[in-house]
Amino acid sequence: MRVFVEGVGLLGPGLQGWKAARRILAGEEPFRSASTIIAASELLPPAERRRTPVPVKLALAVGQEAFENAGRDAASTATVFTSSSGEGETLHQMCETLASEEREVSPTRFHNSVHNAAAGYWSIATRSREASTSLCAYDASFGAGLIEAMTQVVSLRKAVALIAYDQPYPEPLHSARPLLASFGAALVLTPEASGRTSATFELELLPGEEKPARMSDSALEELRLGIPAARALPLLEALARKTQSDVVLDFLTETRLRVSVNPC
Amino acid sequence: MQPLVISRFSVVNSLGAGSAAMLRALREKRSGLAPCGFETARIDTYVGMVPALDDLRVRPDLQDYDCRNNRLAQLCLEQDGFAREIAAARDRYGAGRIGLYLGTSTSGLHTTELAYRRRDPKTGALPADYRYAKTQNAYSLGEFVRCYLGLSGPGFVVSSACSSSAKVLGNAARMIAAGVCDAAVVGGVDSLCLMTLYGFHSLGLTSAGPCRPYDVDRDGISIGEGGGFALIERADRVEPGAILLLGVGESSDAYHMSTPHPEGLGARMAMQQALDSAGLDPSDIDYVNLHGTATKSNDASEDKAVFEVFGGQTPCSSTKGATGHLLGAAGITEAIVSILAIEHGFLPGSANTRSVDPALKSNYLLENKQAKVSRALSNSFGFGGSNCSLVLGVAQ
Numbered sequence: 001m002r003v004f005v006e007g008v009g010l011l012g013p014g015l016q017g018w019k020a021a022r023r024i025l026a027g028e029e030p031f032r033s034a035s036t037i038i039a040a041s042e043l044l045p046p047a048e049r050r051r052t053p054v055p056v057k058l059a060l061a062v063g064q065e066a067f068e069n070a071g072r073d074a075a076s077t078a079t080v081f082t083s084s085s086g087e088g089e090t091l092h093q094m095c096e097t098l099a100s101e102e103r104e105v106s107p108t109r110f111h112n113s114v115h116n117a118a119a120g121y122w123s124i125a126t127r128s129r130e131a132s133t134s135l136c137a138y139d140a141s142f143g144a145g146l147i148e149a150m151t152q153v154v155s156l157r158k159a160v161a162l163i164a165y166d167q168p169y170p171e172p173l174h175s176a177r178p179l180l181a182s183f184g185a186a187l188v189l190t191p192e193a194s195g196r197t198s199a200t201f202e203l204e205l206l207p208g209e210e211k212p213a214r215m216s217d218s219a220l221e222e223l224r225l226g227i228p229a230a231r232a233l234p235l236l237e238a239l240a241r242k243t244q245s246d247v248v249l250d251f252l253t254e255t256r257l258r259v260s261v262n263p264c
Numbered sequence: 001m002q003p004l005v006i007s008r009f010s011v012v013n014s015l016g017a018g019s020a021a022m023l024r025a026l027r028e029k030r031s032g033l034a035p036c037g038f039e040t041a042r043i044d045t046y047v048g049m050v051p052a053l054d055d056l057r058v059r060p061d062l063q064d065y066d067c068r069n070n071r072l073a074q075l076c077l078e079q080d081g082f083a084r085e086i087a088a089a090r091d092r093y094g095a096g097r098i099g100l101y102l103g104t105s106t107s108g109l110h111t112t113e114l115a116y117r118r119r120d121p122k123t124g125a126l127p128a129d130y131r132y133a134k135t136q137n138a139y140s141l142g143e144f145v146r147c148y149l150g151l152s153g154p155g156f157v158v159s160s161a162c163s164s165s166a167k168v169l170g171n172a173a174r175m176i177a178a179g180v181c182d183a184a185v186v187g188g189v190d191s192l193c194l195m196t197l198y199g200f201h202s203l204g205l206t207s208a209g210p211c212r213p214y215d216v217d218r219d220g221i222s223i224g225e226g227g228g229f230a231l232i233e234r235a236d237r238v239e240p241g242a243i244l245l246l247g248v249g250e251s252s253d254a255y256h257m258s259t260p261h262p263e264g265l266g267a268r269m270a271m272q273q274a275l276d277s278a279g280l281d282p283s284d285i286d287y288v289n290l291h292g293t294a295t296k297s298n299d300a301s302e303d304k305a306v307f308e309v310f311g312g313q314t315p316c317s318s319t320k321g322a323t324g325h326l327l328g329a330a331g332i333t334e335a336i337v338s339i340l341a342i343e344h345g346f347l348p349g350s351a352n353t354r355s356v357d358p359a360l361k362s363n364y365l366l367e368n369k370q371a372k373v374s375r376a377l378s379n380s381f382g383f384g385g386s387n388c389s390l391v392l393g394v395a396q
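Just so you know, the protein sequences line up as chains G and Z, in that order. Here the numbering used here is used: the first residue of the first sequence is 1, the next is one more, and so on. Here the numbering used here is used: the first residue of the second sequence is 1, the next is one more, and so on.
Among these hints, one or two may not hold up.
Quick list of the computed label-pair ranges, beta carbon to beta carbon [said to hold, decoys possible]:
| # | chain 1 | residue 1 | chain 2 | residue 2 | range |
| --- | --- | --- | --- | --- | --- |
| 1 | G | S175 | Z | G37 | 31 to 41 angstroms |
| 2 | Z | R118 | G | S218 | 44 to 54 angstroms |
| 3 | G | P263 | Z | E343 | 52 to 62 angstroms |
| 4 | Z | T40 | G | P170 | 51 to 61 angstroms |
| 5 | G | E104 | Z | A359 | 28 to 38 angstroms |
Capping the alpha-carbon separation at 25 angstroms, the derived lysine to aspartate or glutamate pairs in DMTMM-like fashion look like this [to be verified]:
| # | chain 1 | residue 1 | chain 2 | residue 2 |
| --- | --- | --- | --- | --- |
| 6 | Z | K361 | G | E89 |
| 7 | Z | K369 | Z | E308 |
| 8 | Z | K361 | Z | E239 |
| 9 | G | K158 | Z | E343 |
| 10 | Z | K29 | G | E101 |
| 11 | Z | K372 | Z | E308 |
| 12 | Z | K122 | G | E42 |
| 13 | Z | K29 | Z | D286 |
| 14 | Z | K296 | G | E254 |
| 15 | G | K211 | G | E254 |
| 16 | Z | K122 | G | E89 |
| 17 | Z | K369 | Z | E343 |
| 18 | G | K158 | Z | D276 |
| 19 | Z | K304 | Z | E343 |
| 20 | G | K158 | Z | D281 |
| 21 | Z | K369 | Z | D236 |
| 22 | G | K211 | G | E192 |
| 23 | Z | K122 | G | E254 |
No lab work stands behind these hints: they were computed from the structure. Note that beta-carbon positions come from the ideal geometry of N, C-alpha and C, so glycine has one too.
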């Protein structure tokens with residue numbers, strides 16, 4: 001399976017946008033961890049902007065950056081959202097309310113609790129009526145999103161945006177499922193080259209014995225291991241370095257994904 | 001798209017365990033809905049419950065996955081010879097060549113609801129026996145079924161609310177087309193929990209009685225629990241009579257998080273795309289299984305969309321008056337209803353609906369009907385404006 005990479009979006013601790021972060025990932029600047037800054041999305045009308053949970057803002061922010069870099073219209077592009085954690089804060093608030101005497105849950109909170117909340121807000125914000133899906137595969141969620149997005153591009157011959165994101169849970173859920181930090185990555189993938197194409201990806205499935213690529217910087221490697229969406233980092237590093245490389249990505253126990261990255 | 005064979009399926013919901021039980025109940029126009037007695041829920045509504053789940057436990061070697069949702073998954077895998085058929089498919093293809101694409105909206109969320117009642121009074125910590133990954137996470141269902149069936153192909157869970165387990169048929173079709181796998185297990189499971197009961201109630205979307213799709217006095221949904229699975233394979237050697245997945249259409253409303261587009265725009269796009277991907281005209285469809293949740297807004301907007309695509313002749317009905325709204329399991333369950341319609345020439349009339357809303361223009365079936373069904377279309381729509389339509393048929 002071969003697709004073209006047209007745009008990238010990235011947000012993580014010390015990785016504030018693809019434009020800034022690519023120099024870090026290319027090894028031209030040192031990585032310094034800092035809190036992920038997630039701004040409210042200007043794509044949404046003010047009333048909606050206030051109601052959107054943080055994971056939705058995170059997904060919208062990286063998605064928007066990827067489309068800006070791709071110079072492509074989001075309204076006519078299909079999307080694949082993938083997240084291990086989904087809507088943690090909303091889940092926590094709902095479970096607290098349901099454990100209380102009153103049990104009066106907020107209707108807005110309820111519709112924000114669905115795993116596809118980000119996809120719903122994205123389609124409202126961008127006016128995209130294209131197909132959209134929302135995936136989860138626990139620690140394998142990024143690999144799941146990548147294989148689904150690439151399969152869509154190849155079988156439907158249409159551009160697809162992959163938006164992977166994870167937001168740490170509040171306590172007490174955080175102790176049960178610790179995630180290191182907020183992290184989102186987005187890729188606009190197309191079936192044919194365009195003026196904005198920066199690389200091609202060729203995907204192959206490998207047996208689980210293959211070792212996934214690690215980040216040479218130990219702090220970045222910590223992120224990769226600590227956040228399912230950050231399993232994308234070796235792939236983003238290859239894009240940033242603009243050199244041909246074969247990147248083995250973590251996926252399910254029995255399967256790894258090998259992506260041959262060819263800059264163009 | 002290339003047609004694919006649906007060679008085996010299984011189903012469980014409040015109508016019974018197995019497809020024969022569901023078909024019998026639909027033929028009798030029996031409803032599985034009853035006043036809500038789920039756990040500590042105090043809501044004036046009806047639900048479609050699977051009572052066997054309370055006493056069931058998952059297979060001992062997978063006991064860490066034990067939760068209401070995975071119990072329901074196991075019960076469903078044990079119906080209709082499904083697990084046995086997958087074991088044979090594993091021998092045929094190899095465990096790594098069978099994909100697994102499942103839908104759920106709430107997975108094992110009820111486990112978390114219970115754990116929040118047992119938080120440490122001092123620290124607020126969840127109890128030590130709480131297992132997030134194997135119960136709460138959306139992928140819990142995927143991993144449990146993967147282990148239960150001994151599969152190791154590429155897979156994941158789709159969680160796009162009430163369209164989840166319709167959309168997985170699209171995932172399977174694309175993965176098989178791209179050569180990622182040779183066959184796929186698809187399906188969906190959703191079980192009762194407090195979040196959905198209180199949540200839909202807070203939106204004013206639950207009916208106090210059993211839900212009445214397309215009724216002039218419809219006033220909301222009845223939530224149900226259920227599961228369904230299907231084995232999808234390439235249609236290389238198709239025997240006449242084989243059930244085929246012919247088309248999939250997916251769209252987004254881009255309108256509102258919990259209210260469908262009033263003109264049914266997204267729904268219409270999904271149906272049209274499903275027909276296009278099957279290379280069929282609306283007149284080729286003999287029966288439409290509607291999403292038909294029995295809320296004022298869903299049925300009105302879906303009716304506009306169906307009427308626009310099919311006109312007022314094509315027979316259609318919602319089976320949610322019988323099963324309740326199975327949320328993330330609705331798509332696969334209603335795909336199986338559509339398959340039963342094809343196999344048995346049986347068009348189910350709408351349980352609980354008394355008089356069809358005169359404002360709705362589609363040919364809505366109140367009574368059961370026997371007629372040849374060569375092709376059926378099934379609709380599933382969800383929160384976030386996520387729409388999916390499937391076209392199913394039979395090999396000639």
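Status of each hint after checking the structure:
| no. | hint | result |
| --- | --- | --- |
| 1 | S175/G - G37/Z: 31 to 41 angstroms | 34 angstroms, holds |
| 2 | R118/Z - S218/G: 44 to 54 angstroms | 38 angstroms, violated |
| 3 | P263/G - E343/Z: 52 to 62 angstroms | 53 angstroms, holds |
| 4 | T40/Z - P170/G: 51 to 61 angstroms | 24 angstroms, violated |
| 5 | E104/G - A359/Z: 28 to 38 angstroms | 33 angstroms, holds |
| 6 | K361/Z - E89/G | 43 angstroms, violated |
| 7 | K369/Z - E308/Z | 23 angstroms, holds |
| 8 | K361/Z - E239/Z | 38 angstroms, violated |
| 9 | K158/G - E343/Z | 35 angstroms, violated |
| 10 | K29/Z - E101/G | 39 angstroms, violated |
| 11 | K372/Z - E308/Z | 23 angstroms, holds |
| 12 | K122/Z - E42/G | 41 angstroms, violated |
| 13 | K29/Z - D286/Z | 20 angstroms, holds |
| 14 | K296/Z - E254/G | 47 angstroms, violated |
| 15 | K211/G - E254/G | 11 angstroms, holds |
| 16 | K122/Z - E89/G | 21 angstroms, holds |
| 17 | K369/Z - E343/Z | 14 angstroms, holds |
| 18 | K158/G - D276/Z | 16 angstroms, holds |
| 19 | K304/Z - E343/Z | 29 angstroms, violated |
| 20 | K158/G - D281/Z | 23 angstroms, holds |
| 21 | K369/Z - D236/Z | 33 angstroms, violated |
| 22 | K211/G - E192/G | 31 angstroms, violated |
| 23 | K122/Z - E254/G | 42 angstroms, violated |
Checked against the numbered hints above, the structure breaks hints 2, 4, 6, 8, 9, 10, 12, 14, 19, 21, 22 and 23 and satisfies the rest.
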